[in-house]
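Residue numbers (the working numbering), protein chains in the order written: chain A, 1 to 339; chain B, 1001 to 1200.
Treat the hints as calculated values from the structure; they're not laboratory data.
Any given hint could turn out to be false.
[What the hints assert, rightly or not] Now the stretches of chain A that chain B is said to cover, found in silico as 3 or more residues with beta-carbon under 8 Å: (1) 51-60; (2) 64-75; (3) 153-159; (4) 167-173; (5) 199-205.
[Stated by the list, open to error] Away from chain B, derived, C-beta distances all over 12 Å, residues of chain A: (6) Glu5; (7) Ser7; (8) Ser15; (9) Thr18; (10) Val115; (11) Ser117; (12) Arg180; (13) Ser214; (14) Leu218; (15) Lys318.
Built from N, CA and C at the ideal position, the CB exists for glycine as well.
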Amino acid sequence: MAERETSRDIDQAASDWTARLDRGPLPPEGEDALQAWLRGDPRRRGALLRARAMSMMSESAQALGPGFDPVAFEEPGRARFAGLSRRQALAWTGGVAAAGALAALGVALPAAGAVISTERGEIRLAPLKDGSTVLLNTETRIRVRYSRGERRVTLLKGEAYFSVARDETRPFVVEVDGRRLSTAQAGFRVRKLDADPVDVLVNQGQVDVGASASANGLALTANTGLILSGPAERPWSVGPEAVTRELAWRDGKLAFEGESLSQAAEAFARYSDTRIQIPDPALAREPVTGLFAANDPAGFSRAIARVFDARVEQDGDKVVLTRGGPRGGGLPQEVFVTK
Amino acid sequence: MSAADRERTRWFLRNILPHEAALRGWLSRSAPAGVDPDDVIQESYAILAELETVDAIRHSRAYLFQVARSVIMRHVRRARIVPIHTVDDLERLDQPESAASPEQYAIDRDELRQLARAIAAMPLKTREAFILRRVRDLPQREIAARMRISENTVETHISRGILFLIDWFGRGGNKRSQTSRNMEAEIASIDGRARNQSRH
């Protein structure tokens, strides 16, 4: 086979053309060059379509607003070599308009002692002054109080993921049910739901759990979980895949692996007013595996119905799953036309 | 871009692109040896770009998988020798996972957050140029003046940004290993490359 351009090379060239078109209209000779390029390989036209679609999609970044601060969206592990400091980043994006601008994402810069909360079904990212962020899951409330010696956040209810920027001199402390979880740098989840004891999961870094009247203090490292249940509490290690599943809500998703259908239905109930009902106890015990949009219990139910050959009926805020419906059927056939 | 082109691009963005990661996954598992999933994807998109009309396509995911399947068949036919197991493998291709996967329902706010994350992960100069272009909607010429770099270099940064998004979204939202490997080299070479590739 003759030496063939790789798909990667083509993507690169397609991106170059898209950037060139983004700069302004092509002169006639540029248009000729583009057409000649397109004729050179059947893959190129497809690559150009994708590159232009990506470019078009990125136009919606305008909704982030002029004060968009990318630092708040960086993955915790991002290398900061040669990096703009947060202050510089704000300076060149035109000042500290971040609060208003990020409102598009439901984000606000909290003042000292500010309470930040989410409604049912809402996920909210709250950047904090020191570069740390808190991602609040559905129906969550936190209070932020930064002082000279301590960065303190109280989890009042719900579930939050803390990405803590490194500061050895000023610990980041999460207070929950009278316990103190402190760290210099870490990424960790804390969950406090009505009926259950507080659940801590460390994704990266180290978190020190303070002692209480009935439990000793201890240090939690990455991929470790702890349920704050008193004298018997003991950390356990959590595999990386389980961590990913546990934290899938950060992307608006719910992940299940072998949970029963009724447990999954309960998980969805945290995120919307729609209730999934499964009258058949045998069906309710069926195990569920998969990744689903947390805000779409009806879509989940339809997917489940296909797998278990069940029937879905929606009645207002209720979605009822019953066994023995008509078969879900194969995929709808499309008329396939190509040249 | 003509209005028709823009319309097709918009349709593609909404109806096809969200399925790319799933298509790549399926191709990686199922395509016969010697058929590169990324080649198949580009060729499939080329077919979609050349269709007279897309109005009749109701189930775009199933349609995309069928187009990809036809591209594979074409590759197999073109090859001189078809190993027997390749033909067997094609039987498996008859059942692409065309049922709508629950993963594809994404809220808009979530999409915007994904985009913000992708931009945040770009190499720094590229990120700066990309934000000025896409978030602040400045023309490339003005970005060049602000960043004190040539217009060609701005164009190269925008190109890098688009390529970054192709990788980021096409491969399921993350390409960190590749990103970190290339980051420093890209920053170092970007001016040189811009000079070499300038097109006027």
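Tell me the hint numbers this structure goes against, listed in increasing order.
3, 4, 5, 6, 7, 8, 9
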